[in-house]
Structures are given as structure tokens and as C-alpha cells.
Amino acid sequence: MAGNRVLVPLSDTVTVRQTVSYAVRSGLEDADSLEVHLVVALPHDTEVPEGDEQREEANQLLARARRWLAEDAGDADVTVESAVLGDDEYLFGPRDYADAFEEYADEHGVDLVVIDPEYKPGVTSSILQPLERELDAAGLSYDEAAVERPARHERLVGEGTERFDRYFALFWISFGFYLVLGDPTYWFDLVTGVAVAGIVSASLANVTFSFPLDRIESPIRTVRFAFYVPYLIWEIVKANVAISVVILRPSMPIAPTITRVNTRVRSGLPLLALANSITLTPGTLTVRANDQRLIVHTLIPSAREDLFDGSLERAVRFVFNGRESARIPSPRERGDAEIIGGDEL
Amino acid sequence: MIEAARFWAIVVLVVAGLFFTFVSAVGVIRLPDIYARAHTASQTDTLGAGLALAAVALALGWQQASVYTVLLLFFVFITNPTAAHAIARSAAETGIEPVTADSATDDGSPDSGTGAPDRNSSEPDAGSDVDGGETA
Amino acid sequence: MIPAGVSIEEIFLLAAALFVVLAIVMFYRAVAGPTTQDRLLAVNVLGTNTVVILALLAAGLDEPWFLDIALIYALLNFLMAVAISKFTVERGGVL
Numbered sequence: 001m002a003g004n005r006v007l008v009p010l011s012d013t014v015t016v017r018q019t020v021s022y023a024v025r026s027g028l029e030d031a032d033s034l035e036v037h038l039v040v041a042l043p044h045d046t047e048v049p050e051g052d053e054q055r056e057e058a059n060q061l062l063a064r065a066r067r068w069l070a071e072d073a074g075d076a077d078v079t080v081e082s083a084v085l086g087d088d089e090y091l092f093g094p095r096d097y098a099d100a101f102e103e104y105a106d107e108h109g110v111d112l113v114v115i116d117p118e119y120k121p122g123v124t125s126s127i128l129q130p131l132e133r134e135l136d137a138a139g140l141s142y143d144e145a146a147v148e149r150p151a152r153h154e155r156l157v158g159e160g161t162e163r164f165d166r167y168f169a170l171f172w173i174s175f176g177f178y179l180v181l182g183d184p185t186y187w188f189d190l191v192t193g194v195a196v197a198g199i200v201s202a203s204l205a206n207v208t209f210s211f212p213l214d215r216i217e218s219p220i221r222t223v224r225f226a227f228y229v230p231y232l233i234w235e236i237v238k239a240n241v242a243i244s245v246v247i248l249r250p251s252m253p254i255a256p257t258i259t260r261v262n263t264r265v266r267s268g269l270p271l272l273a274l275a276n277s278i279t280l281t282p283g284t285l286t287v288r289a290n291d292q293r294l295i296v297h298t299l300i301p302s303a304r305e306d307l308f309d310g311s312l313e314r315a316v317r318f319v320f321n322g323r324e325s326a327r328i329p330s331p332r333e334r335g336d337a338e339i340i341g342g343d344e345l
Numbered sequence: 001m002i003e004a005a006r007f008w009a010i011v012v013l014v015v016a017g018l019f020f021t022f023v024s025a026v027g028v029i030r031l032p033d034i035y036a037r038a039h040t041a042s043q044t045d046t047l048g049a050g051l052a053l054a055a056v057a058l059a060l061g062w063q064q065a066s067v068y069t070v071l072l073l074f075f076v077f078i079t080n081p082t083a084a085h086a087i088a089r090s091a092a093e094t095g096i097e098p099v100t101a102d103s104a105t106d107d108g109s110p111d112s113g114t115g116a117p118d119r120n121s122s123e124p125d126a127g128s129d130v131d132g133g134e135t136a
Numbered sequence: 001m002i003p004a005g006v007s008i009e010e011i012f013l014l015a016a017a018l019f020v021v022l023a024i025v026m027f028y029r030a031v032a033g034p035t036t037q038d039r040l041l042a043v044n045v046l047g048t049n050t051v052v053i054l055a056l057l058a059a060g061l062d063e064p065w066f067l068d069i070a071l072i073y074a075l076l077n078f079l080m081a082v083a084i085s086k087f088t089v090e091r092g093g094v095l
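Protein chains in written order, with UniProt numbering: chain B, 1 to 345; chain W, 1 to 136; chain L, 1 to 95.
Please keep in mind that the hints were generated in silico from the structure rather than gathered at the bench.
Among the hints, erroneous ones may be present.
As the list claims (entries may be wrong) - Beyond 10 Å from chain B on every Cβ pair, some chain W residues (computed):
| id | residue |
| --- | --- |
| 1 | M1 |
| 2 | I2 |
| 3 | E3 |
| 4 | A5 |
| 5 | R6 |
| 6 | F7 |
| 7 | W8 |
| 8 | A9 |
| 9 | V11 |
| 10 | V15 |
| 11 | L18 |
| 12 | Y35 |
| 13 | A36 |
Stated by the list, open to error - Facing chain W, from chain L, some residues (calculated, C-beta under 7 Å):
| id | residue |
| --- | --- |
| 14 | L22 |
| 15 | F27 |
| 16 | A55 |
We put the beta carbon where it would ideally sit given N, CA and C, even for glycine.
Start from the sequences, fold in the hints, and give me the full structure.
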């Protein structure tokens, strides 16, 4: 065998360093030369404001990985290629990542993908298992790098304070709720409230927040959310009047359609907020939310136009990412909105 | 003077609440399929309920009970769309096909052709068992 | 000006009565179906209506504790809708 070609998708994890050396070691076992393709798949494209930053991080990661490779390779014949994927498209879920890797593998004649067991592109949670399934489906052979987990001490410390933040936030939220229902001046309610909030935060803190809290960002988000609520109510009232006019007309001129909108908000709470806001505005109803793909049922054309103009999406981005990132093109301009037939549900 | 203003504010809120709930009831009866009904059933109704609850909060004034009402209002606004989404999703997963603008005309639904979208491709079998919302 | 002979309580009671009428109208959908989800949706809306009626009665009859019941009812209503729609998807599966 002349040489092996392996593809190594990188992301900033605890085990990325070990994955690189595993790729070199295993690749050199049965061949004398090795061609390593290092790739970083970007979850957002560069149109989105935070895209530039991510691109910068990706390049840094690639540079670091090149140095590691040089260390590991020693005298062996190892060549390195690196690339950033997903630059011109928007990667949603495991499927898209698998497709992107497969396309790259085809182009460069790569025969094996070495995956970091902690592989975690962008902001979504770990996608290893679904990714492996999709790679199987795409007919691409892969190998999970053998690594020893943990170690990276600052990470562990970081998780400690973060866990404290979760307990802290949930404790005060549930204590506040308890006191709203009870009497904040009565000592009995205060004592039982502390007990109940303690139990709730101890048992449910890890379930409640599926994303890392940020000491500075999270309170700011709460404040921005307070600005968002009146706007949302105004939108709801407007849409309600529009739909009432349509329904009360004897001819009832409705035109139901199923549309698909690819949104650009993070999964988890932002996506929940957006999907719920879309549902709350009459005329649009979120039927499914898979990754960032929303299947939306629209009742009247004007509601559909509003949805495609993406004002709610911008508002949700404003709440979670700040004013800067609210300025993105509408789903229509991005080509992320389309009408699909009912059978595609 | 303030009493009168409050009185009329309450009346307006209650009437608006009743109006939207009425629209919701009409929608639940008239609209052709589950997805369309979910629009009014869960959202117009949410606004109706919200307005009525706001009226109650206003009438109760500054006391513990109106805190409850505000809480209730908040809660209704969060849970109703979530429930509607859950129901619509379960409908989609059990394979209920939505009546779309093209198909609505051939199963005798009230006039819907107006703003028919351009590319809303195939919509075949009118014989699917569930699109007869108008019949019952 | 507040019209003579009309109190806020009466307005709330009248509104509650009208809400009951609307609830009965919506009940048609719960009976007629035709699909499980239609009934579920109708019951969910009826639940929301019940919450509103309870709140209106609380203000109309000056019985603030009705609001406690309304709060619990709203919670249960939401849980019911989510639980049943989950149940219809994986029929027989554990919720």
C-alpha cells in the first residue's frame, strides 16, 4: 500500500490533541506514507455576524493541529492538508456534517475518517452517535479515535463554578415563585420556601438549563427579553386582528400552506423561544422543529409573508446575541424559506 | 375620574377578550383541518384569555390575588403555544395530511383559492380519511 | 362616567356566562372530532376557557381563592395536552 489518506474533523474539545496523534499512529501502521486532511466544519456561514469570529477560531485550531502533527509525525512521511468546511452552506445537524465530510472525502480521495469521540462542532451538543449513523448511511468508513478522556484542568474548574451558577439561578427562581404564591412576610413561608427551593435546585438544576449560563450575558438577556415581550404582544395583536377578519368573513378566504424555514438561532432555549413566538402569532403554527429547521403551517398569505420576512427571528437573535447579530438578511433573502407540499410533513 | 377610567378599561378588555374567544370558537367550528384549527383554537384563544385575565387583574387592583392573575396570564401565554405545537406535531406524526390551498378546493371546503401560492405542488388523494373536517 | 346601576361584578358575571356559551359551542368540536387531535385541541381550548371563567368568577363573586384552582387547572390542562399528544404518537408506550 502506497499511502493512507485520512480525514480528521476537528473541534475544540478536551480530546482533540489525542485524536490527532491517534490518526497519525494508526495511519502509519499499515502504510509508509500518510496524508492527513484536517478540517473544521463551521456551524454558521460567514454571512452571520458571529461567523467571522468562528472562522478565526477555526483557523487557529487548524494551525495548532498542524503543529501537533509535525510533532507526532517525526521523520515519517506525513503530508498535511487543511480546510474549513461549511463556509458556503449552513450546517444544521449530523446529516449535514456527514454530507459535508463525504463530499470532501470524495474530492480528495480520502478513505478513512478519524473522529474525535468528543466531537462537538460549534455550539450544538455532542453529535457523535447520530454522526456515526449518518456516516454509515453515506457509506463512508470511519474510526473512532482511542483516547483517554479528561484532563484539562481549567475546564473542570470552569464546570464547577458553572454548576454553582445553575444551582444559584434555579434556587432564586423557584424561591421567588414560591414567595409569589405564598406570603413573603410570614416566617413559615420563608423557611419552607428555602427548603423547597433547595430541593428543586438540587434535583433539577441540570435538567433546567441545557446551555451554559454566563454571569454577564444571562442577566442582560433577561433584560433584553423584557423589551421583547411588548414587541411580541404587539405582533400577536396585529396578527390576531388580521386572522379574525379572515375567519369572520362569510367566504373565509384562507390559503393554508406548509412552509419550511431554516432559522439561524441556536438550538435549546433560543429555538424554543422562536418556535413558541411563531406559534403564538396566529396565522403561523410551528408543526415541527428539527434542529434549526422549522416546519411551519401558515393559514393566510400575509402571515406567510411576515414569517418569511423574519422579523421575529431577528428579535429572538437580538434577545440572545445582542443588537449586532440582529442585522441579518431575512429568510427569504437567504433562500432559507420555501413552501413545501403537505405530504412532506 | 380614575374609577371611571378603570371601569371603562375593564369593560373594553372584557369585550375584546370575548370577541377573540368568539373568533376562536368560530374558527374551531369552521376551519377545514386540525392544523388550521390549531391557529385559532390555541392562539386567538390565548389572546382572548389574556385580555380577560388582564381585566380581572385590573379589577382586583393591588393585592395578592392580582399577582396570581398575572402569573396565570404569563403561564397561559407560555403553555398554550407549546400545547398547540405538541398537538400539531402529534397530528403530523400520526400521518394526518394538512389541507393545503390546492387540495382544499377539491374536497369542497369553502372558497380558498384566493391567494393560492405559486408552487404548492402535488396534492393528490382527496380520499385520505381525515380531511373531511367540513362534513361532521 | 360609570353608568348608574351597573357594577363591575355584574359585568364579570355576564362575561363568565358568555364564556360558558362559547365553551359549549366549542364543545361541538370535541364531540365531532373527527380525529383524536381535533378532540384534544378542543378539550385544550375548553380548559383555557375554564381557567378564564374561574378567574372571572373569582372577580365577580369576590372569591380570590378561585384563582388557586384556576392556576392548578391551567397546569393540569397543559400537562394533559402534552401527555395525550405524546401518547397518540407512540401508542401504548410509556409517557
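So, going through the hints one by one against the coordinates:
Listed as a non-interface residue, M1 of chain W keeps its Cβ farther than 10 Å from every Cβ of chain B; the least gap is roughly 27 Å. No Cβ of chain B comes within 10 Å of the Cβ of I2 of chain W; the nearest lies about 24 Å off, and the non-interface call holds. With a cut of 10 Å on Cβ distances, E3 of chain W stays outside the contact zone with chain B, its closest approach being about 26 Å. At roughly 21 Å from the closest C-beta of chain B, the C-beta of A5 of chain W stays outside 10 Å, upholding its exclusion from the interface.
Distance check on R6 of chain W: its Cβ is at least 21 Å (rounded) from any Cβ of chain B, clearing the 10 Å threshold; non-interface status holds. Listed as outside the interface, F7 of chain W is consistent with that label: its C-beta sits roughly 22 Å from the nearest C-beta of chain B, beyond the 10 Å cut-off. Listed as outside the interface, W8 of chain W is consistent with that label: its C-beta sits roughly 19 Å from the nearest C-beta of chain B, beyond the 10 Å cut-off. Even its closest Cβ contact with chain B, about 16 Å, leaves A9 of chain W beyond 10 Å, as expected for a residue assigned away from the interface.
For V11 of chain W, the shortest C-beta to C-beta distance to chain B comes to about 18 Å, beyond the 10 Å cut-off, and the non-interface label holds. A cut-off of 10 Å between C-beta atoms confirms that V15 of chain W is not in contact with chain B; the least separation is 14 Å. Every beta carbon of chain B lies more than 10 Å from that of L18 of chain W, the smallest distance being close to 12 Å; the non-interface claim holds. With a least beta-carbon separation of about 4 Å from chain B, Y35 of chain W fails to lie farther than 10 Å from that chain, contradicting its non-interface assignment.
With 10 Å as the threshold on Cβ separation, the claim that A36 of chain W sits away from chain B is violated: the shortest Cβ distance comes to roughly 5 Å. Residue-level restraint check for L22 of chain L holds (minimum Cβ-Cβ distance to chain W is 5 Å; threshold 7 Å). Because the smallest distance between the Cβ of F27 of chain L and any Cβ of chain W comes to about 10 Å, over 7 Å, the interface hint for this residue is violated. For the restraint placing A55 of chain L at the interface with chain W, the shortest Cβ-Cβ distance is roughly 5 Å, inside the 7 Å limit, so the hint holds.
Hints 12, 13 and 15 from the list above are not met by this structure, while the remaining hints are.
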